[in-house]
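Chains as they are written, first to last, in my numbering: chain A, 1 to 160; chain B, 1 to 100.
Calculated from the structure, these hints are not laboratory results.
Note that beta-carbon positions come from the ideal geometry of N, C-alpha and C, so glycine has one too.
Errors might be hidden in some of the hints.
What the hints assert, rightly or not - Derived list of chain B stretches under chain A, where covered just means 3 residues or more per stretch with a C-beta under 8 Å from a C-beta of chain A:
| hint | region |
| --- | --- |
| 1 | 3-13 |
| 2 | 29-39 |
| 3 | 87-96 |
Said to hold, decoys possible - From chain A, some residues computed to sit far from chain B (all C-beta separations above 12 Å):
| hint | residue |
| --- | --- |
| 4 | Q5 |
| 5 | K7 |
| 6 | N16 |
| 7 | E36 |
| 8 | E53 |
| 9 | P55 |
| 10 | P61 |
| 11 | E75 |
| 12 | R94 |
| 13 | N128 |
| 14 | A138 |
| 15 | A143 |
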Amino acid sequence: MGESQMKTNERLVLLNQRFENPAEVISRLAGMAKEEGLVEELFVVKLLEREIEYPTGLPMPVPLAIPHISDGCCEPFVSIATLAEPVLFKNMDRSGENIPAKIVFLFGILDPKNQLSVLRRFARAFANGDDVGRLVAAKSPAALLRELDGILEGMLDISW
Amino acid sequence: MAHSVHICVCCGGGIFTTTVVTEEIENLLKSKKIPYVISPHKITEIPNLTEADIIVATGKTSSTNKNGAPVLIGLPMFTGIGKEEFGQLLLDTIAKVSSD
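Can you build the whole structure from these sequences, using the hints too?
In structure tokens, the structure reads:
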């Protein structure tokens, strides 16, 4: 089976937003995915639960967070928010450390084996401060998606 | 080595991080020609992973399996930060469990 692309579009991108805490960011980004018909309500509930028990902040060159789950996900997608002020997520290593995330990538994942290339490319991009810095600095959702699609070497499905 | 080392990789959701960490570990073990079996899991499954010789979790956990398999924190394989050190720790741990 061929590897599938990951869906996203301009309605799944928020720029320079203010949020108080991880739950606010996750509710908003997952809510947008729900409006696009990509997830069921279960996804939102499970993702919020998961972030408390198994947080997803990562101490990358540009600190970020990657909430993701497969429960209630109908199609693989990513929704993204850049943050006007950092939002404190807990480190995924469960050390309790606060990670002041400047950007959040929220993923719905169905079969990870079928998406290994795109997940691998995301992981590589996260480690690259310049790549993530360009996303954080994007002036429009369209510009962010163009930048991201370049970084991921065409693994995004933007036109649907 | 008498048998392939069985590594269970665990993260919160058993999907994204586990998938990438698993691939990184496979690349390392292939390059070292170490026979292995590797499988993805959720951290909550750890107590039931009786087949595991080594457990690699992305985050801290107080759990282990019934055999008391070593539990390593494998997040460096995802972030790339401290990846070399983690790789060496994993190889040392494999050598240790194989000699037991």
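Do the hints match the structure? See the list:
no.	hint	in the structure
1	3-13	holds (count 3)
2	29-39	violated (count 0)
3	87-96	violated (count 0)
4	Q5	holds (16 Å)
5	K7	holds (16 Å)
6	N16	holds (25 Å)
7	E36	holds (20 Å)
8	E53	violated (7 Å)
9	P55	violated (8 Å)
10	P61	violated (9 Å)
11	E75	holds (15 Å)
12	R94	violated (4 Å)
13	N128	violated (9 Å)
14	A138	holds (23 Å)
15	A143	holds (25 Å)
In terms of the numbered hints stated before, the structure departs from hints 2, 3, 8, 9, 10, 12, 13, listed from lowest to highest.
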